[in-house]
Amino acid sequence: MNNTLRSVLAVSVIALVTALLRFLPFVLFRGKKETPAVITRLGQVLPYAVICMLVVFCLKDVSFSVWPHGLPELISCAMVTALHFWKHNTLLSIIAGTVCYMILIQSVFI
Amino acid sequence: MKTNRLFLKAFRTTLPVMAGYFVLGTGFGMVLASKGYGLLWALAMSVFIYAGSMQFVAVNLLTGGTSLLTVAVTTLLVNARHLFYGISMVDRYRNTGRKKPYLIFALTDETYSLLSTDRSPLNPEEQSFFYFCVSLLNQCYWITGSVLGSLLGNIVPFDTRGIDFSLTALFLTIAVDQWRSGKHHLFSVLGLVISLACLLIFGPENFLIPSMAVILAAVFPARRWEAGKDE
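Protein chains in written order, with the numbering used here: chain H, 2 to 111; chain X, 439 to 669.
Please keep in mind that the hints were generated in silico from the structure rather than gathered at the bench.
Hints may contain errors.
Partial chain H-side listing against chain X, Cβ under 10 angstroms, derived [said to hold, decoys possible]:
1. V9
2. L10
3. A20
4. T36
5. V39
6. M54
7. D62
8. V67
9. W68
10. P69
11. H70
12. L72
13. H85
14. I96
15. A97
Quick caveat: nothing in here was measured; it's all calculated off a predicted structure.
Glycine included, C-beta positions come from ideal geometry on N, C-alpha and C.
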């Protein structure tokens with residue numbers, strides 16, 4: 002029981018802090034008719050930097066110093082990038098890249 | 439555009455996320471179930487927290503006997519990137535009316551990646567309905583996945599190792615789309631180089647916050663440089 006209560010509290014704290022982080026910018030820049038120019042500018046360019054940061058975030062645990070030296074990730078990422086530049090089809094790029102990666106880590110680089 | 443056509447458009451937009459969320463959600467439900475937290479926990483966490491990577495971290499926080507203060511600080515560190523998303527969506531979500539609180543609550547990495555660069559030619563009302571559908575559909579996928587994983591437990595029909603690469607692939611395709619749009623290449627490069635450098639310096643557990651700080655510091659001079667080049 003005690004343990005359940007502790008878990009409920011922990012889940013609530015996580016939910017609250019996450020919501021706080023999500024709402025904070027909107028609360029800070031609410032009300033005013035015009036968004037400050039700085040924020041508008043950030044809104045235009047931040048997504049470009051942030052998406053690249055997310056790609057790195059996804060690959061952060063890849064170890065290049067030990068076998069297979071990040072090869073499955075490098076190959077699959079190169080494939081997604083090349084395929085997407087070529088065909089511009091998001092679903093195709095994602096499915097092909099994921100299947101490629103699964104085969105590589107399950108059957109090739111064991 | 440009619441409501442059902444807008445919904446269909448939203449559905450098509452979210453297809454890449456659907457695959458990833460079903461899989462990761464299922465993974466989350468399974469891990470949670472294996473620690474003795476069943477269906478209701480998976481459901482509650484996916485409905486009220488709704489933050490993919492944080493929910494995986496949360497599993498360890500629940501089982502490890504961690505203090506609530508540590509739980510709060512960990513959440514703050516893992517999810518600080520959401521401040522970034524908020525800052526860049528303030529304008530976009532400005533006139534979304536009653537849907538705004540939900541849109542803000544449901545702004546995950548994936549929803550952000552789909553909506554932050556959306557350029558559909560819609561009027562404001564259609565646009566907020568479209569944003570709402572995309573956000574809600576994504577959360578439905580995530581909830582469905584985690585419930586499924588919780589029920590399945592550890593019975594997996596096939597070897598799923600590596601299937602989570604689909605989200606990496608999603609972000610990559612968006613980065614390529616942004617690059618092909620021909621605008622702001624400098625910022626894509628900055629984001630990539632800065633995060634890689636911070637990863638090397640601070641390591642995988644701590645690199646996100648320094649990355650964001652450096653990106654934020656670099657954006658303004660970079661923006662001036664870019665503007666100067668255009669003149």
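Hint-by-hint comparison with the structure:
The closest approach between the C-beta of H:V9 and any C-beta of chain X is roughly 9 angstroms, which is under the 10 angstroms cut-off, so the hint is satisfied. Among the interface hints, the one on H:L10 holds; its C-beta lies about 6 angstroms from the nearest C-beta in chain X, closer than the 10 angstroms criterion. The closest approach between the C-beta of H:A20 and any C-beta of chain X is roughly 6 angstroms, which is under the 10 angstroms cut-off, so the hint is satisfied. A least Cβ separation of about 5 angstroms between H:T36 and chain X falls short of the 10 angstroms threshold, and the interface hint therefore holds.
Annotation: interface hint on H:V39 holds; nearest CB of chain X at approximately 8 angstroms, less than 10 angstroms. Given hint, H:M54 at the interface with chain X, holds; its Cβ is 4 angstroms from that chain's nearest Cβ, closer than 10 angstroms. Hint status for H:D62: holds, given a least beta-carbon distance of 5 angstroms to chain X, under 10 angstroms. Annotation: interface hint on H:V67 violated; nearest CB of chain X at approximately 14 angstroms, more than 10 angstroms.
With its C-beta approaching chain X no nearer than about 16 angstroms, H:W68 sits outside the 10 angstroms limit, and its interface hint is violated. For H:P69, the shortest C-beta to C-beta distance to chain X is roughly 13 angstroms, which exceeds 10 angstroms, and the interface hint is violated. Look at H:H70: its Cβ only gets to about 16 angstroms from chain X, farther than 10 angstroms, so that hint breaks. The criterion of a C-beta within 10 angstroms of any C-beta in chain X is not met by H:L72, whose closest approach is roughly 13 angstroms, and the hint is violated.
The interface hint given for H:H85 holds, since its Cβ lies 4 angstroms from the closest Cβ of chain X, which is under the 10 angstroms cut-off. Below 10 angstroms, beta-carbon pairs count as interface contacts, and H:I96 has one with chain X at about 8 angstroms; its hint therefore holds. Among the interface hints, the one on H:A97 holds; its C-beta lies about 9 angstroms from the nearest C-beta in chain X, closer than the 10 angstroms criterion.
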